[in-house]
Every structure is written in structure tokens, then in C-alpha cells.
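J.: Residue numbers (this note's numbering), protein chains in the order written: chain H, 3 to 85; chain E, 3 to 85.
A couple of the hints might just be wrong.
[Claimed, not checked] Heads up, simulated SDA-like pairs for lysine to any residue below, C-alpha to C-alpha not over 20 Å straight-line: (1) 63/H - 15/H; (2) 49/E - 34/H; (3) 31/E - 57/H; (4) 31/H - 51/E; (5) 16/H - 33/E; (6) 31/H - 60/E; (7) 56/E - 75/E; (8) 64/E - 12/H; (9) 49/E - 44/H; (10) 31/H - 19/H; (11) 49/H - 12/H; (12) 31/H - 63/E; (13) 56/H - 38/E; (14) 31/E - 53/H; (15) 49/H - 33/E; (16) 56/E - 38/E; (17) 63/H - 75/H; (18) 63/H - 56/E; (19) 49/E - 17/H; (20) 16/E - 5/E; (21) 49/H - 5/H; (22) 49/H - 78/H; (23) 49/H - 36/H.
Everything labelled a hint here was simulated from the structure, so no lab data went into it.
Protein chains: 2
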Amino acid sequence: MAEFTFGVTVMPRKEVLDTQGRAVEEALKREGEPVLSCRVGRFVELKVSASDRKQAEVTAKKVAESLLCNSLIETFTLGEANG
Amino acid sequence: MAEFTFGVTVMPRKEVLDTQGRAVEEALKREGEPVLSCRVGRFVELKVSASDRKQAEVTAKKVAESLLCNSLIETFTLGEANG
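Start from the sequences, fold in the hints, and give me the full structure.
T.: Given below as C-alpha cells:
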């Protein structure tokens, strides 16, 4: 079995009031930074054990969909690890 | 002035105990998912107003360094918007 690393970015849906993002946005504007808007989400780095990349992707997607992201209020993108 | 969008990924430093990541990791293992490890950080999408991309990057980097990331316990990477 090999090890594969993914990055799952979970963001609030556009229709949902992103209270954290709004708070950061107001704070940055108050500091005088030329910031127009700000949204805050989560980044989850996952190391998955699988026989090949395809299988690892299936696992990462399943985990993201079912457990990391509340699809009612959030969307996710699966990508490379980072940071 | 134009509008530029950045994604700032803020992750706990490797030396720091990532309690959120550990909790998610244990939960996924309990569910029987073939997950080896998990780290949880933040993803901040920033829209910056600037005259060109270079200037926008300077602002985004400054904001990330000074306000979005606590460099004592976290590191950040500046990238493209996402999600």
C-alpha cells in the first residue's frame, strides 16, 4: 500500500452568511487594508493509504463528502496538499 | 484599480499539537477509513484592490503575515483562490 496526500478545501456556500469571513473582512478594512472581501473556510490535509492514486482519490472524495463537509452550507474542492 | 483574488492557507506548524486534526483523524479511523493522518487548518479567500498583480500580492502577503497567521504556531502559503 502506498501513501497519498490530498488537500480538501471546505468553504461556506455563497448563499450562506459567512460570519467568520465578515468579521475578518471588517477587521482588515478597519486596519485600512485595501481588502474588498474575505471568506473563511477550512483546509484539511489528508494522508490516505491505498494501492494506487485512483483508489486514494475515491477514499479522499468519500471522506470529504460524507464527513469533512456539511453540504447543506458548504462546498469542497479536492486538490493537492499544501502548506 | 483592479480586483485580485488570493487564497491563503494557514496550517498549524508540525511541532504544534494539532488538536482539531487529531480529533478528525481519530474519527475517520474509527469509521474504518484508510486514513493515515490528518491536519486541519484554515483557508482564507481574499479579494484585494490594487493597481497591478504585484501590488496586490504585496498586500495579500502583508495581511496574511500580520493578521491571518499567528507565526508562533502557524505557517501560511499564498496561492490562487479555490473552492
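J.: Hints numbered earlier in the text: which of these fail when held up against the supplied structure?
T.: Hint check: 5, 7, 8, 16, 18, 20 and 23 fail, others pass.
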